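Going line by line, the protein sequences match chains D and Z. Residues 1 to 558 in UniProt numbering are what the first sequence lists, from first letter to last. Residues 1 to 558 in UniProt numbering are what the second sequence lists, from first letter to last.
Everything labelled a hint here was simulated from the structure, so no lab data went into it. All values reported here derive from a predicted model rather than from experimental measurement. In this text, a Cβ means the ideal position worked out from N, Cα and C, and glycines have one as well. Do not take every clue at face value.
As the list claims (entries may be wrong) - Coverage of chain D stretches by chain Z, computed from C-beta distances (three or more under 8 Å per stretch; other residues unrestricted):
hint, segment
1, 116-126
2, 207-213
3, 346-353
4, 358-365
5, 410-418
6, 430-437
There are 2 protein chains.
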Amino acid sequence: MKENGSGDKNSGRGIPGPTNPMVTPLLTDLYQFTMAYAYWKARKHAERAVFDLYFRKNPFGGEYTIFAGLEECIRFISNYKLSEEDIEFIKSSLHVPCEDGFFEYLRGINCSDVEVYAIPEGSVVFPKVPLMRVEGPIAVVQLLETPFVNLINFASLVTTNAARHRFVAGKSKTLLEFGLRRAQGPDGGMGASKYCYIGGFDATSNVAAGRLFGIPLRGTHSHAFVSSFMTLDEIKDKSLRKKASKSTCKDFVSLVQTWLNKLQKSKSLRGVFAETNQSELSAFISYALAFPDNFLALVDTYDVIRSGIPNFCAVALALNELGYKAVGIRLDSGDLAYLSCQVRKIFCCIEKEFGLSGFGKTSITASNDLNEETLDALNKQGHEVDTYGIGTYLVTCYAQAALGIVFKLVEINKQPRIKLSEDVSKVSIPCKKKIYRLYGKEGYPLVDIMTGEDEPPPKVGERILCRHPFEESKRAYVVPQHVEELLRCYSAGTSGKAREPLPPLKDIRERCIKQIEKMRPDHMRRLNPTPYKVSVSGKLYDFIHFLWLNEAPVGELQ
Amino acid sequence: MKENGSGDKNSGRGIPGPTNPMVTPLLTDLYQFTMAYAYWKARKHAERAVFDLYFRKNPFGGEYTIFAGLEECIRFISNYKLSEEDIEFIKSSLHVPCEDGFFEYLRGINCSDVEVYAIPEGSVVFPKVPLMRVEGPIAVVQLLETPFVNLINFASLVTTNAARHRFVAGKSKTLLEFGLRRAQGPDGGMGASKYCYIGGFDATSNVAAGRLFGIPLRGTHSHAFVSSFMTLDEIKDKSLRKKASKSTCKDFVSLVQTWLNKLQKSKSLRGVFAETNQSELSAFISYALAFPDNFLALVDTYDVIRSGIPNFCAVALALNELGYKAVGIRLDSGDLAYLSCQVRKIFCCIEKEFGLSGFGKTSITASNDLNEETLDALNKQGHEVDTYGIGTYLVTCYAQAALGIVFKLVEINKQPRIKLSEDVSKVSIPCKKKIYRLYGKEGYPLVDIMTGEDEPPPKVGERILCRHPFEESKRAYVVPQHVEELLRCYSAGTSGKAREPLPPLKDIRERCIKQIEKMRPDHMRRLNPTPYKVSVSGKLYDFIHFLWLNEAPVGELQ
């Protein structure tokens, strides 16, 4: 299923543009254009450069990250074109009179000579390993730095956050992303919806994301809906057709009241239910009349146990009498562990007393400022929640709002380059590289290894030395049972290589879920996870340190 | 300068659409549409409702917030229209067969009957006070909830963050927003650029934001630019025309080398400068050849004091000889306080030794993971930085990634509504209200007071009782010297009222800066600021508590 890009300069052009129309060639830092001019002036702009895109530290105190945002990058470069207005604006922004030839050059840039190798979107990835390797004329690749980093940073961060929430919630729970209103701007919201789905969420409340990405949508009603009703007299049309029948219940309101009465007098529930809030009851009945097949009620506007639950149950029992099945309730405040257990008990009592098979399993959704910690605490306390609606902490990545993706020059004109730093963790790994994931006997990935491009690949069953890129004493022999090359070609440039297709969102989500399952559990746990090893070949290690000594000035103690 | 909206249903239609084309009526939570259907089914959709948009707690441990995002909301509702495709999608998303009349109703919604009263954008605002009061048919206003909250939340949060950074940096420093690559998605970046400018930043690196909003742009070169050069031989065209002259220096490279030699032999600098990195020197010369009038060099790729600074100074002195003035340097790592002081000393030495007037004041920019705390620490240590480039912590609001804006029903059909909660801070303040800011003798704002809509306004020189909305014992008499009504009309609906114009970005920025200056300093300080008082009138206080008792169920201890 690979498209062949060979020979056709416009091979990427069948790919649609970025999701957000604001992602244009101007969505970059000014210095990318000032540098482009300086390269051009120095007649250096076309020199072939290789940049690695990677991060240095896993987010959220964990030991893994999910790579996401690749498709948007490929869409971006496949449609890269500076308009005349763009060029006019750049001209006016460079502050100095630049030579016209430069703008002629900008006019011609279309990224058809840029090669992008990347790890497939939705993969589990680790620090220091290039997620993308971008090769092309240096001036052009630098123009791509800011948009690429922008498109990958939040995408990978929020996908990882979603995956972590899924991990704590467990496979059996339904996870809903409810964050649009608290997201960092409109497409903070759009991005969060898309990438939380990739990270393992089941649905979103965001209608635009539902339409654009085909993500399942979920949502019922808010507190305002409940408090906008005053009395039962407000309900004008009280009739409800029986399910799969032509007959109609003429007064659904009375039917609900009858059930509420029965509940209040019930033996097993005695003392639990008293007078309920009529504004709430009116709202529930109205919602059920509109959505008899999809009745899910927010029960905490006044008092969950004293008002919300009896009102819900009365409506649910009345619906049941007409052949409908209520979906469930949502709790949006209070002690969710305790309340969910209380509510489950009541549902089970009702199932028993009224012989209503399955009522005990009525769905309970919880949605009040949830995050990894609160999910974990709920698990420890014991709870009866089936579905979580998660917003703020998920979509803004509140626990850590940024991932530090960087984009570093590793080779120019086939000359390896290194970026030094007093902080060893900030030293870049030079050379155009290949990356392999080595798997052990139990099927788990053991280590990622980077090699120079021309080195022979690690072979199954053959012992290979894996070295820490910077710490001399950290090294290990590995005999891989399976070797996976991680970087694949997503933009072939003029190389004529076959190009990977961009998979549909569901496949990316599937990959993410499977990759996480494939990891050794101790790398994935919330507390004190084991770091996954990232290494370089012996040859690359030696070269890094040769180059390092070569570039670093010799200090002089004074 | 007010536009008159009276009588013209399309009065808002001269206003352009939202900046991000992804902000459409579908950018909302699904439950807004399910509620709309339930309202419509209950024939309640046109009931007149009033919602307050407000937040409960100032962000970043501070005692103030800057309100921003209003213009985008007004643009949004002024162009509100569901397309046929939108309606088809909603139909398919509601899961149940809804009556056709509902979709006919959706087709007709255009927000021309929605009134929006708001505090002007760029104002200093406080918890519990409505930033916006939105009045209209309940089904319509609910559809606006999610996009309004989304558009205000991040805008106000990041504006406040920028204002706080400005406060710590001080008025005399230049502040540059460099966050695009680390922002939460493309328009996380666009929004951050816009709102940081409002909050008091001077410029951005984001070219698209420069074009769209007219924000000044800044930027020079990166580490990759420096390391992409290898030797001086790479520089092919070595000539540089003298400034404001027809004569040309044929070998600028030699001129720089001559100066580097002089610096290495200089008496006052003896021992400071030794061999410098030639890759870096080559990059600096190339950049200067492209931008002789705008030479700002990143000096930390190899070693600031031993390589970056002598290389910069040599180029700057050569430029000076040709009539150009170098702009300065950028430090992106290391001990910024210490390095900036060292660099300043060197600049001053050179000014003295070579008689180069003004060279000591050459600009120093710092840009490594800066935030409020690091700026504060720099101030305490003493430093010589003139300009800060701030990214990650600023634009992602790393210290607190979300503001908790809410949107609560306060009145329907002229009936006040209250939302109760076991947590007092979550109880809403009912009624359609007016808001006044009362100023004291020294010209500082003393207190914000909310009153019922029909109460007479507080009068200058007349004593008025200001009560805490929920705590009985907290109250104070105030004799205002000046009374400012805060809510102004930005969308007149069918009321015929005059509508405030939407001011240009610069005016909003100006307002923000002036409003902050007008506040009593103890409210604004970073550590232990004094809370600003927010109050209600005696009459509103009594009514809140009457309604509260009326709605709350009486508990029963068991």
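Cβ contact check, 8 Å cutoff: the segment 207-213 of chain D against chain Z, three residues minimum: Result for this restraint: holds, n = 4.
Verdict on chain Z covering the segment 358-365 of chain D, where coverage means 3 or more residues with a C-beta closer than 8 Å: violated (count 0)
Coverage claim, chain Z over the segment 346-353 of chain D, checked by counting residues with Cβ within 8 Å (three needed): violated (count 0)
Coverage of the segment 116-126 of chain D by chain Z, judged on three or more residues with CB within 8 Å: Contact hint for the segment 116-126 of chain D vs chain Z: violated, 0 residues under 8 Å.
Claimed coverage, the segment 430-437 of chain D by chain Z - three or more beta carbons nearer than 8 Å: Violated: only 0 residues of the segment 430-437 of chain D have a Cβ under 8 Å from chain Z.
Whether chain Z covers the segment 410-418 of chain D (at least 3 residues having a Cβ closer than 8 Å to its Cβ atoms): With 4 residues close enough to chain Z, the hint holds.
Against the hints set out earlier in the document, violations occur for numbers 1, 3, 4 and 6.
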